[in-house]
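Since chain A is already given, all that's left is putting chain B on it; use the hints.
Number of protein chains: 2
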Amino acid sequence: MLPNTYDSQNCSIARTLEVIGERWTPLILRDAILGARRFEDFHSSLGIARNVLSARLSRLVDEGILERRRYQDRPAREEYVLTDKGRALEPVLLALLTWGDRFAAPDGPPTLLMHEACGHRLEADLVCGHCGEPVQPGGVVFEPGPGGGTPLAFRGPGAS
Amino acid sequence: MLPNTYDSQNCSIARTLEVIGERWTPLILRDAILGARRFEDFHSSLGIARNVLSARLSRLVDEGILERRRYQDRPAREEYVLTDKGRALEPVLLALLTWGDRFAAPDGPPTLLMHEACGHRLEADLVCGHCGEPVQPGGVVFEPGPGGGTPLAFRGPGAS
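So the sequences go chain by chain: A and B. Counting from 1, position 82 in the first sequence corresponds to residue 82 in this note's numbering; the numbering is continuous, with no gaps. Counting from 1, position 33 in the second sequence corresponds to residue 33 in this note's numbering; the numbering is continuous, with no gaps.
In isolation and in its complexed conformation, chain A is listed as follows (with noise of 0.2 angstroms):
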């Protein structure tokens, strides 16, 4: 396990990262979105050293974004399937992804998405459950939560 990397910080984006943030997990759960279960899946895509990818698979084992399935016997092989808690992550890795086409991708998206739902190219939007209108950026307000959140107040004079 990690040490604590945010441990000042009572905050839903510290705690994901910290379960999440360190380096090759996110394009671990990127290939297993993709379909990759299997350690020689990861290893081909990623082409990381080996302990570094067992460690991290390890830890998303015991965070419960990956389940270890036994699907063979002799000799033994497992492989590593996204759980619920891991599938929920797909959200990060869209937004992500749909920030880096838009601003670091020079020659055009290297993957395109598409819906599989409706066959069409997926701009994913956010919109908010309860309106059904588009999030607009700094159209969100914070405000102190249940779990004992601080809000954060920087309106100084040098603010607009």
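If you're looking for bench data, these hints aren't it; they were derived computationally from the structure. All figures in this text were calculated on a predicted structure; none of them were measured in a lab. The reader is advised that the hints may include incorrect statements.
Stated by the list, open to error - List of simulated lysine to aspartate or glutamate pairs, DMTMM-like, C-alpha gap at most 25 angstroms:
| no. | chain 1 | residue 1 | chain 2 | residue 2 |
| --- | --- | --- | --- | --- |
| 1 | B | Lys85 | B | Asp7 |
| 2 | B | Lys85 | B | Asp107 |
| 3 | B | Lys85 | A | Glu116 |
| 4 | A | Lys85 | A | Glu116 |
| 5 | B | Lys85 | A | Glu133 |
| 6 | B | Lys85 | B | Asp125 |
| 7 | B | Lys85 | A | Glu40 |
| 8 | B | Lys85 | B | Asp62 |
| 9 | B | Lys85 | B | Glu22 |
| 10 | B | Lys85 | A | Asp107 |
| 11 | A | Lys85 | B | Glu133 |
| 12 | A | Lys85 | B | Asp7 |
| 13 | A | Lys85 | A | Glu40 |
| 14 | A | Lys85 | A | Glu22 |
| 15 | A | Lys85 | B | Asp107 |
| 16 | A | Lys85 | B | Glu123 |
| 17 | B | Lys85 | B | Glu67 |
| 18 | A | Lys85 | A | Glu123 |
Positioned in the frame of chain A, the structure of chain B alone reads:
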């Protein structure tokens, strides 16, 4: 500048992580979205070493995510303001927060989000910009794009 962390990866997720994946950077962006502008705002919120904070802010300026603005001449004082490119990272942070609220906040969300336009609590949904339907976990198919990504194929006999 950092060395390219994920050099082998022609992938918009990896490219985004190269820009914002350093330790503390996502929380600097969180604070910027919440209204932090001055060095001392970020410093008191994060409690990190001044040289680390200074390096992270400069990197974000170099990347066009924050803009340095002089707000006082004598003595010279500058603040850091999100650009449109920086504001476009908001969905990444909302996705991280949403997952953390659900899976890493045993006492409830530290912070609640309100959708300013409708006044209700924001539970941001990801919808397809074409058909308007919610994007279900696993409902996205990846295909090679103009940027030359190699489609990753992982379907071995162990996969279902």
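> Can you list which hints this structure breaks, lowest number first?
Replying inline: 2, 3, 7, 12
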